[in-house]
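*Asks:* Here the protein sequences line up with chains A and B, keeping their order.
Note that the first sequence covers residues 1 to 184 in our numbering.
Note that the second sequence covers residues 1001 to 1698 in our numbering.
The set of hints was computed from the structure by calculation and includes no laboratory data.
Note that the coordinates shown come from a computational prediction; the quantities given were computed from them, not determined experimentally.
Any given hint could turn out to be false.
[As the list claims (entries may be wrong)] Below, in silico cross-link-like pairs of lysine to aspartate or glutamate (DMTMM-like), each with a Cα-Cα straight-line distance of 20 Å or less: (1) B:1470 - B:1618; (2) B:1676 - B:1663; (3) B:1034 - B:1023; (4) B:1046 - B:1076; (5) A:109 - B:1138; (6) B:1092 - B:1257; (7) B:1642 - B:1609; (8) A:109 - B:1149; (9) A:109 - B:1141.
[To be verified] Simulated DEER-style distance windows between Cβ atoms: (10) B:1226 - A:92: 24 to 32 Å; (11) A:122 - B:1458: 37 to 45 Å; (12) A:30 - B:1518: 39 to 47 Å; (13) A:18 - B:1149: 21 to 29 Å.
Virtual Cβ for every residue (Gly too), placed ideally from N, Cα, C.
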Amino acid sequence: MGSFETLLNIEQNCRSNAASIPRQIITEKDWFGIGFRSNNLNFVCPMGFVSEVLRWSEITPVPAGQSWFRGMTNLRGRLLPVTDLQGFVTGASHAAKPLSRILVISSEKVVFGFAVEHVLGIERFFGEEIKPANSILNIKEYLPYLQGAFERDHQPWFILNFELITKTSEFYHILSARMGTANG
Amino acid sequence: MNTNDENETLLKIFLEEAKDLLDAVSATLQVWSKDLNNKSCFADLKRDLHTLKGGARMVNQPALSSLAHETESFCESLLAGGIPADRQAYEKVCANQDQMVHILEGLLPPKPVASTEDSVKPESSPDTVNDMIRIRSDLLEKLNNLSIESNITRVNMGHYVDNFNTHIGEIARLTKSLQEKCRLIPKSVDLHVNSEIVGLINLNKNLVQVHGNIDALLSQQSRVEMELQDRLVDTRMVAFSSVVPRLSRITRQIAAELHKKVDFTVLDVEGEIDRTVLEHLVPSLEHLLRNALDHGIELPEKRLLSNKPEIGNIQLRFFRMGNEACIEISDNGAGIDPEVIRKKAIKLGLVSEETRLTTDEMIRYIMEPGFSTSEVISEISGRGVGMDVVNTVVKGLGGNLAIESQLGQGTKFTIRLPFTMSVNRALLVVVQGQNYGILLSNIESIILMNVQEIKEVLNLTTPVITHNDKVYQLKYLGDALSVQEKPIFVDMQENMPVLLFNFLDFNAALLVDSLAGSQEIVVQTLGPQFKLMDIFSGGTLLSDGSVVIILDVYTIAARAIKNGNEKMEVPVITKKPAVVLVVDDSVTIRTVTKNFLERHKFMVVTAKDGLEALEKLEQMRPDIILLDVEMPRMDGFQFAEKVRSDAQYANIPIVMITFCAGDEQKRHAEALGIKKFMGKPYQELELLETINALLGKT
Chain A
1 MGSFETLLNI EQNCRSNAAS IPRQIITEKD WFGIGFRSNN LNFVCPMGFV
51 SEVLRWSEIT PVPAGQSWFR GMTNLRGRLL PVTDLQGFVT GASHAAKPLS
101 RILVISSEKV VFGFAVEHVL GIERFFGEEI KPANSILNIK EYLPYLQGAF
151 ERDHQPWFIL NFELITKTSE FYHILSARMG TANG
Chain B
1001 MNTNDENETL LKIFLEEAKD LLDAVSATLQ VWSKDLNNKS CFADLKRDLH
1051 TLKGGARMVN QPALSSLAHE TESFCESLLA GGIPADRQAY EKVCANQDQM
1101 VHILEGLLPP KPVASTEDSV KPESSPDTVN DMIRIRSDLL EKLNNLSIES
1151 NITRVNMGHY VDNFNTHIGE IARLTKSLQE KCRLIPKSVD LHVNSEIVGL
1201 INLNKNLVQV HGNIDALLSQ QSRVEMELQD RLVDTRMVAF SSVVPRLSRI
1251 TRQIAAELHK KVDFTVLDVE GEIDRTVLEH LVPSLEHLLR NALDHGIELP
1301 EKRLLSNKPE IGNIQLRFFR MGNEACIEIS DNGAGIDPEV IRKKAIKLGL
1351 VSEETRLTTD EMIRYIMEPG FSTSEVISEI SGRGVGMDVV NTVVKGLGGN
1401 LAIESQLGQG TKFTIRLPFT MSVNRALLVV VQGQNYGILL SNIESIILMN
1451 VQEIKEVLNL TTPVITHNDK VYQLKYLGDA LSVQEKPIFV DMQENMPVLL
1501 FNFLDFNAAL LVDSLAGSQE IVVQTLGPQF KLMDIFSGGT LLSDGSVVII
1551 LDVYTIAARA IKNGNEKMEV PVITKKPAVV LVVDDSVTIR TVTKNFLERH
1601 KFMVVTAKDG LEALEKLEQM RPDIILLDVE MPRMDGFQFA EKVRSDAQYA
1651 NIPIVMITFC AGDEQKRHAE ALGIKKFMGK PYQELELLET INALLGKT
């Protein structure tokens, strides 16, 4: 056997034993979402809800607003209200860091921004089972906005539905109590 | 082009021109109606009608041209004095004008020229129409958005270019230090780096130059974009006065149909309004006018019987108050009878027999859908939209419709619309390092106040300042916004800006840390989360891309100042404090009286004698005058005579305060209509009661 044939054999061998390219095993059960961190937890939000991710830019605070309401920023000529996710849910807003990002959520022609600690990118779950979130979540305040959780490498990934937030009435009460009393 | 086409094009041009001319005639008629002897009107009418006549002949419209000719001759006679310029003459011209408009409307194509396709072809038309084309509004909207977006891209590019510049500087610094270090290398180990370093320096120079060029181009682009933005915004706006001819014509026509005599007065209609808003609004305005004529203004005979002038009056006013455009339509007719409304409401099952309603509440029922007091509705107001539709339209535009009516006196409809869709000039103010926008149209004036003075005033229980004889309650904007209660005074800072506002029902002064210039802004809404926050009227983007919140100063000031007063439990006598003019030559009496009255929530203006008091009267109108008799230059009686001889001030109650009043003096005073004599020194309580009693009566 010549050296060329040997090489061909090796190639054949490699091909038949190689792990297939991931794309080929996409099944309908695969789940895609934008992964992000907030309050030291991993979250994923279904693709399609997030229309874009903004870098942290100047946010104009709104006087007399709730502490979780970060203010307004400029989304290419449109005004974008920015809510701190952690602040809205737990009451204590996160301190903005260079990695902080704003997720832009479009909901019924209205856009809302949500400030999160870090955006991890597109996360994909291969047919993993969606578990109820309450058994593994220790910050219970998030529960009303979750639609379950994935588990990967013993790490929970909570599925957060922003529409469950934007449909609450609290979300529209950005007036802080101080000013609220002044209104009588 | 064949003759037919040519005729058609000509006719189109003429129709446009004729419409403008008849609108102009209508506007002139407005002016004439105010002063029947105004000769300049006849000349204007004559000129416009002459042009119209010429045009009508050119396009072979004999009916229109002969009517124009007839009216023109009539105006000529008026001008020459051959015909008396009386009401009859005025009505004749009006009738002719209406007929001409009628003929013109008959000539218009069935569908009014409204779409792009119908516009006059530019290549086939003379220069006169070249400057007008019709464009779809959504296209303009799109252009506007694109322009804003392009602006923001430019701003971002500017940031990167600045960044680039910093790097160039850094390269220059490093190259220099490299050059220094190379000098330390002994000649023996020359690495021949010198030529490379020189190369680097040259490259750096080139980069600096490139940066300079980019920077210059960017600032040029910035100017162009600003201009573009301005022009695009202009395309959205139309003058409110453009609908006035249409409204006044409708008023005249309906008045004639109903055999009612009415003057249509138009007050300050200057100012622009968003075109879309105006288009939606016009049918409602027409309805309100129909209503005013049909239900409001009475027939001439009836008016005479109830001691009113035979000719009724309908007023149209367009003005801006705060962040709102206000349109007021008022008549001096019969007013709305709350009893009729109540009966109807009971009949419709909207209220029960027992429900007690205030007049205002009852009047609001006419805005209920399906509510029509059909017994009195004729085809005039029945044919259009109902009050509920007017209300819905106004609400749909984000506005508010208010009705005030007094039985026998008249009715006033006020439409308030937000200005959100339009462009405004805003002043940027700084509070605690944050920029806020305040629409310049809201601000009466801006003054600089000494810091020491500010500190003193803010320590008062009710901080007030006086400017041009007006009293303003002072509030720190940071406090009003609950950002920071007291201003932080910076060392060496001598003055701080104070913005003064004159609202309809109160005056306010807002202290800010500093000003950051003014600029044209497009107000955008802040989104659904702000529905409950009425202290902001919107937000805007500055040219550097940052967001600035626009404050609704009226709401902020009303809340901070008016509510603040209520909290302090100061009796609020009237919405607007009554103004007292104190005329006395003794500075002590002036000061004591001023302090005493101000404690009781009056606004006090003082004068040291009659002459000074007359000067003050030119600037303000007091509700009551407290007058000393013996004074230098002009005494109390002389002053009172002057006041009484001026119709504007004749009704202001005067209280005379004097040491000894003889019978002679008293008779003299009575002849001047002086309401009350008081001895000097007066008793505080008695004075207060007297003032309240006199103000209550007037």
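*Asks:* Please go over all the hints and tell whether each is borne out by the structure.
*Replies:* Against the structure, the hints:
no. : hint                       : verdict
1   : B:1470 - B:1618            : holds, 13 Å
2   : B:1676 - B:1663            : holds, 14 Å
3   : B:1034 - B:1023            : holds, 17 Å
4   : B:1046 - B:1076            : holds, 7 Å
5   : A:109 - B:1138             : holds, 17 Å
6   : B:1092 - B:1257            : holds, 15 Å
7   : B:1642 - B:1609            : holds, 13 Å
8   : A:109 - B:1149             : holds, 19 Å
9   : A:109 - B:1141             : holds, 17 Å
10  : B:1226 - A:92: 24 to 32 Å  : violated, 43 Å
11  : A:122 - B:1458: 37 to 45 Å : violated, 56 Å
12  : A:30 - B:1518: 39 to 47 Å  : violated, 56 Å
13  : A:18 - B:1149: 21 to 29 Å  : violated, 48 Å
The earlier numbered hints that this structure contradicts are 10, 11, 12, 13.
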